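Here's the letter readout for the chains.
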Amino acid sequence: MALPNPTGRSRYTLLLLILTSVTLLTLDFRDFGPLESAREGAVDVFNPVRSAAETVFDPVAGAWNRTFGDDATERENEELRAEIERLRGQLIANTNADRLLQDVLAELDIEYVGNLDRVIAQVVSGPVGNFDDFDIEIDKGVNDGVLEGMPVVSNGGLIGRVVESGRNRSRVRLVSDPAFTVGVRLLSQGEDGDLALARGSGLGKPLVVTERIDPLTDVEVGEIVVTSGIDRSRYPGGIPIGIVTDARLDEGALEQVLTVEPAADLATIGFVSVILFEPEE
Amino acid sequence: MTRVLRPAVVVLSLLLLQLSLFSELRVSGRAPDLLLVAALAAGLTGGPDRGALTGFVAGLAIDLFLPTPLGLSALAYSIAGWSVGQTENAIVGEHPWVVIPLSAAGSAIGVTAFVTVGELLGQPNLYTERFLGTLVVTTVYNAALAWPVARLFRWAWTTPGVGAQPRPRDRASRRVVN
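Protein sequence lines, in the order shown, are assigned to chains A and B.
Anchor point for the first sequence: position 16 equals 16 in the numbering used here, and the numbering is continuous, going up by one each time.
So the mapping is simple: the numbering used here equals the position in the second sequence, first residue as 1, plus 1000.
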């Protein structure tokens, strides 16, 4: 009698699993509704247990980070960073340009972000794995009015947007993500100034503003960059993005490339505000 | 039922630990991947079939909490679990000096498969300048955790009152002896 061939059988098992995975990937790419609902449902069921476990293990994680993690060094600078963020926010609030913005917005009757409803949320989790460095999780979700696409700010300015919202938790993609783009303009130029695009360039790195900043436009270091808030933009206008630290011409000298230090300190985010803003269709 | 229950409990516990604790225990900004370790440990202790199946389930579980598409970790981890189980089948038992280097190799396979397939699917932020560092740190980290997790899976494969369930390899060899 022929013996069963375990290797052949296991190859068959692996092949089946690969095919199932590929099917799932295909369905996910096609935004297959039932799959998305099942995913959200499973996460919602698991999250209360997860939150309880996070509370239990929090002291251990804290002790580890204080001792071994990058946070050991970060911790020494944490207070200084918080102070810098506070001063940046103050600078933006006190600057003449900000007053100009308020005047311009008041004249044009454009809704300033301060008038929009917002939900304060706590950051409950950072990245889960090694390839989601630009995501954080907050403790507010659909039940609190937080929906996918909503902008998230801290005291300093824009920190990202909601990319996934569960019942009581949401995932926020940070502006430092190289795939993150946001329409911006220079605060000093007002509504009629050049519109450009800011992109993240990695953890701890400044944002880069490209596209459509005229080479002849006078951009000075220290200028404030805010969201453009043009029609159908994902973000309301006037949210501080950061401060220009460098301005240079691109290779073809056709436009300027600006380096912008984010107004919000993305390394030490504790509490954030989700602006309950939905762009017009 | 009990044959599935114990492995399921182990995988769920590892998922909980990954989400609530190990994702914070970072070295140079990189965390271990307990669900990948689960696939490797299952392969080492249960053979390629169980390695692949556990890898698929564990990968699917962590996929729920990652921004990458559903099925990507499941695909990569089932390949890793199967490869380790297959290699272990061809070598010897579950001695730590076998478990650790095999887990390291399996971890590297899992991470590389995840990034390669993700890149092919156009996912951002996978193959970056951090990739090599991530590969090295997670490989070492995962290998260090493989031995205790393998002990958990050795427990998971036993049925209460019966003992360890035979692996496909063992079944085949027993028939030859009889």
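Do not take every clue at face value.
Derived DEER-like restraints, expressed as beta-carbon distance ranges [unchecked claim]:
(1) Ala1090/B to Leu147/A: 48 to 54 Å
(2) Ala1090/B to Pro279/A: 53 to 59 Å
(3) Leu203/A to Ala1090/B: 27 to 33 Å
(4) Ala1144/B to Asp246/A: 55 to 61 Å
(5) Gly193/A to Ala1144/B: 53 to 59 Å
These are calculated hints, taken from the structure and not from any lab test.
Bear in mind the structure is a predicted one, so any value in this text is a computation, not a measurement.
Backbone N, C-alpha and C fix where the C-beta goes; we use that ideal spot for every residue, glycine too.
Evaluation of the provided hints:
1. With their beta carbons about 52 Å apart, Ala1090/B and Leu147/A fall inside the hinted range of 48 to 54 Å.
2. Separated by about 58 Å at the C-beta atoms, Ala1090/B and Pro279/A satisfy the suggested range of 53 to 59 Å.
3. Separation of Leu203/A from Ala1090/B is about 41 Å and departs from the stated range, judged on CB atoms against 27 to 33 Å.
4. Distance hint check: the CB atoms of Ala1144/B and Asp246/A are about 43 Å apart, inconsistent with the given range 55 to 61 Å.
5. Taken as a hint, the range 53 to 59 Å holds for the pair Gly193/A and Ala1144/B, whose Cβ atoms sit roughly 55 Å apart.
Hint violations for this structure: numbers 3 and 4, all remaining hints satisfied.
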